[in-house]
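Modelling step: build the complete structure from the supplied sequences, incorporating the hints.
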Amino acid sequence: MELKSNIPDGPLEKKWEKYRNDMKLVNPANKRKYKIIVVGSGLAGASAAASMAELGYEVECFCYQDSPRRAHSIAAQGGINAAKNYHNDGDSVFRLFYDTVKGGDFRAREANVHRLAEVSVNIIDQCVAQGVPFAREYGGLLDNRSFGGAQVSRTFYARGQTGQQLLLGAYQALERQIGLGKVKMHTRHEMQELILVDGVAKGIVTRDMLTGEIESHLAHAVCLATGGYAPVFFLSTNAMGCNTTAIWRAYKKGAAFANPCYTQIHPTCIPVTGDHQSKLTLMSESLRNDGRVWVPKKPGDKRAPKDIPEDERDYYLERKYPSYGNLAPRDIASRAAKEACDNGLGVGETGRGVYLDFADSIKRLGQPAIEEKYGNLFEMYERITDENPYKVPMRIYPAAHYTMGGLWVDYNLMSTIPGLFVMGEANFSDHGANRLGASALMQGLADGYFVAPYTVGNYLAGVKSGPVVAADHAAVKAAETAVKERIDKLMAIKGKKTPTHFHRELGKIMWEHCGMARTEAGLKKALELIPKLREEFWSDLLVSGTGDELNQSLERAGRVADFFELGELMCLDALERRESCGGHFREESQTPDGEAQRDDANFCHVAAWEYKGEGQVPERHVEPLAFESVHLATRSYK
Amino acid sequence: MSAEKTLNLTLKVWRQKNAASEGGFETYAAPGVSTDMSFLEMLDVVNEGLITQGAEPIAFDHDCREGICGTCSMVINGRPHGPKERTTACQLHVRSFKDGDTISIEPWRAKAFPVRKDLVVDRSAFDRIIAAGGFISAPTGSAQDANALPIPKENADLAMDAAACIGCGACVAVCPNASAMLFVSAKISQLALLPQGQPERYIRVRDMVAQMDAEEFGSCTNHGECETACPKGISLENIARMNRDYLKASLIYRPKVATGGAG
Chain A
0 MELKSNIPDG
10 PLEKKWEKYR
20 NDMKLVNPAN
30 KRKYKIIVVG
40 SGLAGASAAA
50 SMAELGYEVE
60 CFCYQDSPRR
70 AHSIAAQGGI
80 NAAKNYHNDG
90 DSVFRLFYDT
100 VKGGDFRARE
110 ANVHRLAEVS
120 VNIIDQCVAQ
130 GVPFAREYGG
140 LLDNRSFGGA
150 QVSRTFYARG
160 QTGQQLLLGA
170 YQALERQIGL
180 GKVKMHTRHE
190 MQELILVDGV
200 AKGIVTRDML
210 TGEIESHLAH
220 AVCLATGGYA
230 PVFFLSTNAM
240 GCNTTAIWRA
250 YKKGAAFANP
260 CYTQIHPTCI
270 PVTGDHQSKL
280 TLMSESLRND
290 GRVWVPKKPG
300 DKRAPKDIPE
310 DERDYYLERK
320 YPSYGNLAPR
330 DIASRAAKEA
340 CDNGLGVGET
350 GRGVYLDFAD
360 SIKRLGQPAI
370 EEKYGNLFEM
380 YERITDENPY
390 KVPMRIYPAA
400 HYTMGGLWVD
410 YNLMSTIPGL
420 FVMGEANFSD
430 HGANRLGASA
440 LMQGLADGYF
450 VAPYTVGNYL
460 AGVKSGPVVA
470 ADHAAVKAAE
480 TAVKERIDKL
490 MAIKGKKTPT
500 HFHRELGKIM
510 WEHCGMARTE
520 AGLKKALELI
530 PKLREEFWSD
540 LLVSGTGDEL
550 NQSLERAGRV
560 ADFFELGELM
570 CLDALERRES
580 CGGHFREESQ
590 TPDGEAQRDD
600 ANFCHVAAWE
610 YKGEGQVPER
620 HVEPLAFESV
630 HLATRSYK
Chain B
0 MSAEKTLNLT
10 LKVWRQKNAA
20 SEGGFETYAA
30 PGVSTDMSFL
40 EMLDVVNEGL
50 ITQGAEPIAF
60 DHDCREGICG
70 TCSMVINGRP
80 HGPKERTTAC
90 QLHVRSFKDG
100 DTISIEPWRA
110 KAFPVRKDLV
120 VDRSAFDRII
130 AAGGFISAPT
140 GSAQDANALP
150 IPKENADLAM
160 DAAACIGCGA
170 CVAVCPNASA
180 MLFVSAKISQ
190 LALLPQGQPE
200 RYIRVRDMVA
210 QMDAEEFGSC
220 TNHGECETAC
230 PKGISLENIA
240 RMNRDYLKAS
250 LIYRPKVATG
260 GAG
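Residue numbers (numbering that gives the first Met the number 0), protein chains in the order written: chain A, 0 to 637; chain B, 0 to 262.
Just so you know, the hints here were simulated from the structure itself, not pulled from any lab data.
Keep in mind that the hints are not guaranteed to be accurate.
[Claimed, not checked] The list that follows gives simulated cross-link-like pairs (lysine to aspartate or glutamate, EDC-like), each with its CA atoms no further than 20 Å apart:
no., chain 1, residue 1, chain 2, residue 2
1, B, LYS152, A, GLU370
2, A, LYS493, B, GLU215
3, A, LYS319, A, ASP306
4, A, LYS3, A, ASP409
5, A, LYS362, A, ASP306
6, B, LYS11, B, ASP98
7, A, LYS496, B, GLU215
8, A, LYS495, B, ASP144
9, A, LYS297, A, GLU311
10, A, LYS488, A, GLU535
11, B, LYS152, A, GLU371
12, B, LYS16, A, ASP207
13, A, LYS496, B, GLU47
14, B, LYS16, A, GLU548
15, B, LYS110, B, GLU215
16, B, LYS16, A, GLU554
17, A, LYS637, A, ASP592
18, A, LYS476, A, GLU378
19, B, LYS83, A, GLU378
The structure is reproduced here in structure tokens:
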């Protein structure tokens, strides 16, 4: 397998412009002779499906939810970055590019990140034109706020519901194309297999989640925008349905999987209360604009927070990182919280929590100002915990949130399988080893609105239009059969334990050994435990009902089966990357004061894994990363 | 945090094998559930028990479990999303109930939202209403600079209030007429309040209302239940705004006959 990044020549800031000028075009009258499949209807999927249909291609879009508007992008709270410099605070495309590369701990591709920063400004324009109600100032112009890892205010927001509003904008553009007959939407359909004809992606096999019907859909290009895989940890901030199945099927058909161990543990989530818990809820990073993070200085201090005097509190982020303070990047803030709790300073019943305190901001700005900015988040916190955060500091703890790893893609967002494009969180490309806050929405929409419509078109210009392949082609039939056999196999085990039981057990292993801090011994242990548990899964699983009806237990079982295999690859990748970088913290590789220690001499590269067959060890390939416009520096936020 | 307690609850749940079959209530015991659990986590526990007993778990729609995706949709003790104001079922906690309570759980009931299985209904009618006109036609790449068009903060805030709708359908489920006016008017209001939405303002209201009628939602007779059941506090004022625009639209344009079933 060869990893050809296909980065265009020329100076960094001219690459994308020049490349677009050199692209092959499809004649407007011929575009309708090409069919494109888009799997997923979140920010990346909905924006790509709508934009490509606007261009004239025939698009079919698939989602597992009952409506494309419910994709998990909807839950993003805080905001979206763009280098508009509307606030005259020195922002620029270069600064957004630099902050993103540095935030990712110098493990992302320069050219991709620069393109992302360039199109960030177009995204805001596009969304405003669609009627996205961003927050505004009294003069009628757009408001901004700050997010972690940046010293400028470049984050646009719509109260605490930015993801919702951006997704509804894209969803409405998509529905417009559905109404015009240019997009055929398939809701409650889950992709189960990728169809390859002579090594080229030509379609997908889906399961209709209402009837259980297995269907093939053929197209000239397939785009996966199926999101991340944080639920491999069982408890995460993701929606219950988020899963890895689509990208995992593609991986097993030959698409390389890049940096699977790069996972983001978000520092500000509501702590776990008990074993019944099904998910964790994020409290937006934007809260760290006005909230101060602290723990008591004395271990085991059980006093109520208001009874702990100022000089007996440790505002540890402000102490350790004076220049960024409470807005230190996510990976750093998460590890600092873990360290405080490991040292016995944690608060709350479980001792796994730290305070996020708004008392000073309320004193300085007044409660109405805080309500205006964060009202819905405070309400949500109170609903879940039964505590009033205007009176008592919030308690927060890190939780699995986002995955920087994903299918490997070149500059065109094409995977190692020709004709298979991967967008948004599902690919690996832009965030390196750690994603900055408010950059996920930016990347999803950049890929969908402004990158894929060009690069997919460029690919299609070299593909013959018209019928794709016969519906009874051997490759199509084989893919369908594989899906049916897999479902039959899950149904036939008839053991004693539920899919959720196995998911929870897998999550415990992953969180313990492949979570915020990783060691060689721990990862090796996980690599023994996971296969054992997986064996038990395949011999003692109990799925209720049948395969030919709405069956949520079967849906879960199929997803958990894939999480087992992915979890193992994550541990393997984490073991092989013998350095710390961003969200990947190897305890063996840290500076004397406990910060991540990169090893640029040996690991300044992307690791992309190639599937080698059942029971075989996957092969690790390397794409070296060259930094020409920024200097590899120690990432410091002190 | 209030100290964790456990409750013994009895659930009366609507079970229906599929769209074609008749449904009915079944009773289940939910002993020893923690007050820290969310309502859906309590159902998870009941379902785990059902699966291990070899029975079929209760099918229900849910996804984000943080009150924003709008997927969860169940009528709890006769109220969409349950007893707590401005709270979706997924954000409802067991602590809202008392030890020994019997709780009834049913799907949304409306002709336009047919039941697919147990508590799962088909809300695709909402998508078709949006497809009929719930958008601003702004093809990708055609936008001017975002700050070229200042929008008064009050208008932007009102638009955001309307845009907060999560499309769950509680407004329809609670309405004695199963009217979708609150949902439709929220989108119409959001876009009518913004300068970008003006060119299509009256065509939009005409087309969305036509589609709403074609989907067989009932008409609005000013009960106002929708506003009280809405988990996002969408205001009845939106319906008034829509009615004004609809009247104006009917003076400008011929009514459109919707064909339905676009997607």
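Here is what the structure says about each hint:
1. Note on LYS152/B and GLU370/A: the hinted pairing holds, with a Cα-Cα distance of about 17 Å set against a maximum of 20 Å.
2. For the given pair, LYS493/A sits about 44 Å from GLU215/B by alpha-carbon distance, which is inconsistent with the 20 Å threshold.
3. With a CA separation close to 24 Å, the supplied pair LYS319/A and ASP306/A exceeds the 20 Å bound.
4. For a cut-off of 20 Å, the pair hint linking LYS3/A to ASP409/A stands: about 7 Å separates their Cα positions.
5. Straight-line distance between C-alpha atoms of LYS362/A and ASP306/A comes to about 17 Å, which keeps the hinted pair within the 20 Å bound.
6. Between LYS11/B and ASP98/B the alpha-carbon distance is near 15 Å, which keeps this suggested pair within the 20 Å criterion.
7. Taken as a hint, the LYS496/A and GLU215/B pair is broken in the structure, with Cα atoms around 44 Å apart against an allowance of 20 Å.
8. In summary, the hint linking LYS495/A to ASP144/B is not supported, as the alpha carbons are separated by about 60 Å, beyond the 20 Å threshold.
9. For the hint linking LYS297/A to GLU311/A, the alpha-carbon distance of about 7 Å falls within 20 Å, and the restraint holds.
10. Between LYS488/A and GLU535/A the CA atoms are separated by roughly 14 Å; this keeps the pair inside 20 Å, and the hint holds.
11. With a C-alpha separation of about 13 Å, the suggested pair LYS152/B and GLU371/A falls inside the 20 Å cut-off, and the hint holds.
12. As the CA atoms of LYS16/B and ASP207/A are separated by approximately 17 Å, the hinted pair is consistent with the 20 Å bound.
13. Taking the CA atoms of LYS496/A and GLU47/B, the gap is near 9 Å; set against the 20 Å cutoff, the hint holds.
14. With a C-alpha separation of about 9 Å, the suggested pairing of LYS16/B with GLU548/A holds against the 20 Å cut-off.
15. Pair hint LYS110/B plus GLU215/B holds up; C-alpha atoms about 7 Å apart against a cutoff of 20 Å.
16. Among the hinted pairs, LYS16/B with GLU554/A is consistent with the structure: their alpha-carbon atoms are about 17 Å apart, no more than 20 Å.
17. Only pairs whose Cα atoms come within 20 Å are accepted, and LYS637/A paired with ASP592/A is accepted, the gap being roughly 12 Å.
18. About 52 Å separates the Cα atoms of LYS476/A and GLU378/A, which puts this hinted pair outside 20 Å; it is violated.
19. Between LYS83/B and GLU378/A the alpha-carbon distance is near 13 Å, which keeps this suggested pair within the 20 Å criterion.
Consistency note: the structure conflicts with the earlier hints numbered 2, 3, 7, 8 and 18.
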